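Please model the entire structure based on the sequences and the hints provided.
So the protein lines, in turn, are chains A and B.
Those letters in the first sequence? Residues 1 to 583, by UniProt numbering.
Those letters in the second sequence? Residues 1 to 583, by UniProt numbering.
If you are wondering where the hints come from, they were derived from the structure by calculation, not from laboratory data.
Since the model is a prediction, treat every value here as computed from it, not as a measurement.
Be aware that a few hints might be false.
Because identical chains cannot be distinguished in the list, a pair is counted as satisfied if it fits within a single copy or across any two copies.
To be verified - Lysine-lysine pairs mimicking DSSO-like chemistry, simulated, CA-CA at most 30 Å apart:
id, residue 1, residue 2
1, K396, K492
2, K492, K536
3, K157, K312
4, K292, K537
5, K88, K492
6, K230, K88
7, K230, K312
8, K157, K197
9, K318, K230
10, K230, K570
11, K570, K346
2 protein chains.
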Amino acid sequence: MGYTILSFPLPLSVVSLFIFCFSIPGISAVRYPINVWPKPTTFLWTHPQAILLSPNFTISNPYHRYLTTAANRYLRQVLTEHHQPLFKPPLNLTSAPPLQFLIITITDLTSPLTHGVDESYALTIPSSGSTNATLSAHTAWGAMRGLETFSQLVYSKPAIVASGLYISDVPLFMHRGIVLDTSRNYYPVEDLLRLVKAVSMNKLNVFHWHITDSHSFPLVLPSEPELAEKGAYGEEMKYTADDVNRVVEFGMEYGVRIVPEIDMPAHTGSWAEAHPEIVTCANMFWWPAEAKWADRFASEPGTGQLNPLSPKIYEVVKNVVKDVATMFPDSFYHAGGDEIIPNCWKVDPSVQTFLSMNGTLSQILEMFVNSTLPYITSLNRTVVYWEDVLLDPIIKVSPSILPPENVILQTWNKGPNNTKRVVASGYRVIVSSSDFYYLDCGHGGFLGNDSQYDQPPGTDPGNGGSWCEPFKTWQTIYNYDITYGLSETESKLVLGGEVALWSEQADSTVMDSRIWPRASAMGEALWSGNRDETGKKRYAEATNRLNEWRYRMVSRGIGAEPIQPLWCMKNPGMCNTVQPFVS
Amino acid sequence: MGYTILSFPLPLSVVSLFIFCFSIPGISAVRYPINVWPKPTTFLWTHPQAILLSPNFTISNPYHRYLTTAANRYLRQVLTEHHQPLFKPPLNLTSAPPLQFLIITITDLTSPLTHGVDESYALTIPSSGSTNATLSAHTAWGAMRGLETFSQLVYSKPAIVASGLYISDVPLFMHRGIVLDTSRNYYPVEDLLRLVKAVSMNKLNVFHWHITDSHSFPLVLPSEPELAEKGAYGEEMKYTADDVNRVVEFGMEYGVRIVPEIDMPAHTGSWAEAHPEIVTCANMFWWPAEAKWADRFASEPGTGQLNPLSPKIYEVVKNVVKDVATMFPDSFYHAGGDEIIPNCWKVDPSVQTFLSMNGTLSQILEMFVNSTLPYITSLNRTVVYWEDVLLDPIIKVSPSILPPENVILQTWNKGPNNTKRVVASGYRVIVSSSDFYYLDCGHGGFLGNDSQYDQPPGTDPGNGGSWCEPFKTWQTIYNYDITYGLSETESKLVLGGEVALWSEQADSTVMDSRIWPRASAMGEALWSGNRDETGKKRYAEATNRLNEWRYRMVSRGIGAEPIQPLWCMKNPGMCNTVQPFVS
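Here is the structure:
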């Protein structure tokens with residue numbers, strides 16, 4: 001799962017510290033709480049202390065287009081943030097001279113930000129004997145992770161920094177992301193930038209941008225301008241090429257990949273505004289009165305699917321893919337593929353004819369995949385599909401047309417079961433199990449006149465109208481083991497996970513609080529795991545640290561929701577369900 | 001339930017309009033959607049049109065300290081808001097001269113803002129023949145409700161206003177409020193002011209301020225300054241007398257009563273910081289390992305209850321009550337009384353002695369009520385208690401010491417059952433059923449290491465750690481009939497309702513989105529009901545109107561959460577569960 005032992009040349013003092021500490025069992029040799037989120041995989045801190053950060057503190061780093069920007073940003077941050085911890089670390093301030101430098105060394109300045117890039121780093125903050133902290137990483141992107149860790153170790157006014165500390169850190173999983181749906185409701189670019197910033201703070205590395213859906217098509221494409229012109233919610237609710245470039249470049253500065261998703265062939269009702277002829281069942285009422293669920297036209301209001309039997313669609317799709325691949329340099333391209341609803345295709349005469357000649361709906365999907373997948377891969381992209389293309393009970397394709405070397409599947413149904421099915425078929429997988437990772441769940445439904453709400457009092461409230469209740473708490477997310485039930489070999493195919501915010505009931509007003517700190521919980525689980533050195537789930541310890549981190553995120557401008565009364569921070573352990581541990 | 005037929009002298013044109021319309025059955029004679037939230041009880045609008053609002057538009061009103069302020073505020077608002085409706089009303093702009101005046105007349109300028117004050121009003125906006133709109137009300141507070149309605153009828157740039165309209169409006173229930181808990185987490189005064197503003201916008205009239213609890217005591221009291229000095233979360237997390245006065249005066253300007261709650265004798269752990277000797281079981285671990293639930297010390301982390309057997313408490317309580325009554329002029333005083341936990345009292349030797357002499361815990365509570373209730377009522381206050389004082393299965397008082405003329409009970413358990421029990425005992429009731437009105441539910445638990453989260457995948461997720469799951473959707477709140485199961489006589493004792501935001505997992509970052517627009521849903525249900533003229537629940541119609549209203553609240557600076565994809569607004573009826581109605 002990507003865990004490697006770091007073998008950087010270590011300064012002598014650190015080596016001796018390391019040796020000294022090996023007498024204490026366990027990797028994280030020191031019980032002293034380290035206020036870093038996600039928790040580093042390895043740290044040594046035998047004599048927890050703190051030293052002043054010099055007002056002239058500087059960060060030195062080899063020039064790198066994005067790392068230099070990031071280092072300047074972190075420099076400003078550590079000098080001005082003055083975070084006041086809620087839970088004061090009882091660190092002695094040493095009389096050692098203030099820390100003057102953080103010296104960054106990079107082994108390979110050329111590694112691009114891409115899937116699997118080395119994000120490991122080692123950070124040493126001396127307690128005395130040196131005024132230099134050091135940060136070593138193989139890549140600029142690993143150095144960014146280390147800078148984030150360093151920034152979280154700085155607090156108070158005047159700024160002081162935890163010292164006598166050696167951290168060696170590397171993520172368990174390579175792919176750690178967030179899905180945001182900008183079609184059902186629109187998010188201004190400023191929101192997306194703030195999201196990327198918070199993604200980076202949490203050492204997540206992917207913003208999976210579910211840009212379009214049946215509800216709106218906000219992306220302005222040079223080759224298909226009409227899609228946004230007619231399919232966006234409004235003139236002010238579009239993403240131009242400049243906007244996208246701003247998000248992508250911002251992502252680079254923060255070490256966050258932007259993976260675009262143009263969902264198709266389903267979830268494309270909005271395409272019909274510009275191209276009615278290529279979309280089946282567009283603008284129909286989604287679930288006719290008294291029809292069975294199986295006879296719905298879409299999984300939710302907003303109908304429309306591209307018709308793979310219409311030759312015209314391939315021209316449009318090719319234009320879309322080409323433009324998107326040009327705008328988004330990432331090597332992953334998400335092509336959707338979820339929730340193709342039989343009835344929507346079946347209303348189309350061409351589909352009816354095809355079926356009457358003993359064709360199947362799955363064959364129609366295969367035609368679509370065969371006509372689009374090779375084109376996307378020809379643009380040097382790895383294609384991510386939702387699990388449905390392989391696992392849907394009705395409309396799915398043969399694995400033979402989904403080459404595992406070019407295709408990754410993203411699971412969202414049936415928890416670990418579908419992840420198991422996907423890896424057992426030899427595919428790499430990104431886990432977004434709705435039972436654990438869907439941030440919108442447990443919020444009721446959005447339907448206009450759902451009669452299940454109008455029950456006499458006393459009736460079992462059931463799921464409150466939410467198909468994926470209950471609400472996924474940070475603990476639920478934190479505790480989920482995404483390789484649950486897999487063999488060691490199978491586990492290697494698990495690239496990582498993504499929490500998802502679908503936007504039926506979300507937009508700017510709630511984006512931050514719906515995502516944070518719950519996405520932080522996944523961030524730590526996928527970075528250093530959710531267990532302590534004894535293999536026990538560490539959520540009691542994690543609670544205080546996450547609380548502290550949540551307050552720091554808020555002070556950094558991210559409207560993360562609170563997870564406890566402030567009282568719990570002031571009375572550590574007292575908000576647990578069992579006696580507080582005796583230290 | 002407070003519904004009265006208005007008998008204002010009506011201008012002749014309105015009378016004829018009224019007569020003309022009586023040929024159409026039903027009260028709300030016009031099907032045309034009126035974008036006002038809550039919906040007025042009666043309106044006549046036979047020829048929906050709009051007229052320009054003159055740039056020199058003015059509001060004239062008799063001088064009234066608070067109404068004059070409100071009228072100036074509304075004048076500024078209608079001239080500058082320029083709300084762009086999502087769902088454009090297809091109103092013809094008449095060629096009539098622009099509206100120049102809104103003329104307010106008040107029957108009684110002296111009525112104070114208090115429970116039961118007349119909030120009715122009548123608003124006439126002519127379509128032609130006059131450049132004056134008129135707003136008649138019995139009281140200044142009713143006029144404020146009418147001004148709000150008027151403001152919601154103005155939209156677009158240049159400003160236009162719906163016209164040819166006569167509204168006669170009066171609330172079904174007198175008491176329509178929101179509980180906010182500022183003890184578990186602190187809210188800056190600016191948040192409270194914004195809350196009051198939004199309360200007023202929604203024609204709610206009470207902010208029930210649950211100021212203190214076991215977690216913090218933020219209220220600075222002149223006679224007991226140590227309570228906040230030691231019990232507040234911090235120097236910056238207090239409410240001074242000036243702060244309170246600001247909130248109270250702001251409430252007056254917005255027609256919102258501020259009802260203070262100092263919860264006691266339970267929920268008082270924070271008092272122990274200043275007065276450890278009067279609090280039992282303070283700072284204990286709330287639920288000892290392996291103890292039964294019945295043997296807990298508090299319902300949640302944060303222990304401590306005033307000890308009614310300690311004479312010292314009455315001195316402190318009297319000081320607290322006196323100061324609070326001085327700071328809060330409202331005639332209601334909420335004295336708490338919920339969740340007294342047996343084990344917390346039982347740890348105290350004086351209680352043990354009392355019990356050993358065949359005393360009961362209920363007798364101890366009776367002593368407390370007998371020693372405090374008469375003092376509060378002597379200050380001309382009606383006392384509100386949580387239902388527990390009467391209905392708790394273990395610790396409760398005899399009705400004989402709770403005179404119904406001085407005491408109101410607020411229900412929160414068992415939905416309509418406990419409301420029924422309270423009114424059957426002859427008490428007036430405020431309904432806050434947790435099954436319907438608790439805004440914090442369905443968000444998981446806040447406990448630090450709750451083992452129910454650490455289950456293998458596939459385990460039934462149950463309630464996700466929330467004692468009152470699921471999330472109360474706006475539809476759940478909207479559909480709740482607070483007089484369900486009551487006789488007509490019993491219903492008269494139902495003063496109204498309050499939604500509640502308990503703050504274990506809420507603070508500034510989420511206040512707006514947790515409260516709005518769900519509290520708006522209660523606002524309409526308690527103002528004009530949740531049914532159309534045929535007696536059918538009107539939530540399908542309400543959805544679009546609430547959506548529109550939510551967007552307007554956002555543009556007014558209230559971060560209300562979205563309830564649907566924007567697509568649903570652009571495609572009215574298409575997000576329902578049955579075929580859209582054919583008009």
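Results for each hint:
1. K396 to K492: Classified as within; 25 Å inside a copy, 61 Å across copies.
2. K492 to K536: Intra 22 Å, inter 57 Å, cutoff 30 Å: intra-copy only.
3. K157 to K312: Result: close neither inside a copy nor across copies, 64 Å intra and 42 Å inter.
4. K292 to K537: The answer is between: 24 Å across copies meets 30 Å, while 44 Å in one copy does not.
5. K88 to K492: Classified as neither; 40 Å inside a copy, 54 Å across copies.
6. K230 to K88: between (55 Å within a copy, 18 Å between copies)
7. K230 to K312: within (18 Å within a copy, 73 Å between copies)
8. K157 to K197: Intra 24 Å, inter 36 Å, cutoff 30 Å: intra-copy only.
9. K318 to K230: within (19 Å within a copy, 67 Å between copies)
10. K230 to K570: Only across copies: K230 and K570 sit 13 Å apart there, 54 Å inside one copy, limit 30 Å.
11. K570 to K346: between (61 Å within a copy, 26 Å between copies)
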